[in-house]
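K.L.:
Could you build the full structure based on these sequences and the hints that come with them?
For what it's worth, this note's numbering labels the leading residue of the sequence shown as 422, then goes sequentially.
Calculated directly from the structure, the hints in this document are not laboratory data. Even glycine gets a Cβ: it sits at the ideal position worked out from N, Cα and C. Careful, some of the hints might be misleading.
Claimed, not checked - Distance windows between CB atoms, simulated:
#1 HIS473 x ALA438: 45 to 55 Å
#2 GLU459 x LYS533: 23 to 33 Å
#3 TYR443 x GLN508: 50 to 60 Å
#4 HIS473 x SER434: 24 to 34 Å
#5 SER537 x SER507: 23 to 33 Å
#6 ARG426 x ARG457: 45 to 55 Å
#7 GLN466 x TYR534: 20 to 30 Å
#8 GLU460 x TYR540: 52 to 62 Å
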Amino acid sequence: MNTVRSFWLGWGSFCLAGVGAYYFAKKSINADRAARFEETRRKKQMIESLEHSSNVPSRPLSASTMGGSANGNGHPARTDTAGSPSQEASSDPAPTRHAPATEGQQVIEKSKYESSTPYRSPKGDRFS
422 MNTVRSFWLG WGSFCLAGVG AYYFAKKSIN ADRAARFEET RRKKQMIESL
472 EHSSNVPSRP LSASTMGGSA NGNGHPARTD TAGSPSQEAS SDPAPTRHAP
522 ATEGQQVIEK SKYESSTPYR SPKGDRFS
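P.N.:
If you want it as structure tokens, here you go:
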């Protein structure tokens, strides 16, 4: 028979079981997170050590021995523009128009990406 005492005993044991399950689940989740974080940190450290160990020469080399011209900081001149949008923009592979010669042409001329004629929608009955 359900009495007040058995009612509260049931709810109390239910809540205690819930708290216990939450505690152990949280402990397990935190342990998994820590292990995953440690694994990614170890991988990053290994990749970083591999990158730096093969690229660093045992003694510094001059630009002439490396086979390139040196710029002001002693490193070879950079000819690759990948990852530098400001340098890539000036070397467009397929320009469609020439640069304007005068200031008047510069004001009138449209961009190479802009249409020379505006779009006009077709007129008439579209359903016949």
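K.L.:
Take the hints in turn and mark each one as holding or not.
P.N.:
These are the hints, each one checked on the structure:
no.: 1; hint: HIS473 x ALA438: 45 to 55 Å; verdict: holds, 53 Å
no.: 2; hint: GLU459 x LYS533: 23 to 33 Å; verdict: violated, 53 Å
no.: 3; hint: TYR443 x GLN508: 50 to 60 Å; verdict: holds, 56 Å
no.: 4; hint: HIS473 x SER434: 24 to 34 Å; verdict: violated, 58 Å
no.: 5; hint: SER537 x SER507: 23 to 33 Å; verdict: holds, 28 Å
no.: 6; hint: ARG426 x ARG457: 45 to 55 Å; verdict: holds, 46 Å
no.: 7; hint: GLN466 x TYR534: 20 to 30 Å; verdict: violated, 46 Å
no.: 8; hint: GLU460 x TYR540: 52 to 62 Å; verdict: holds, 55 Å
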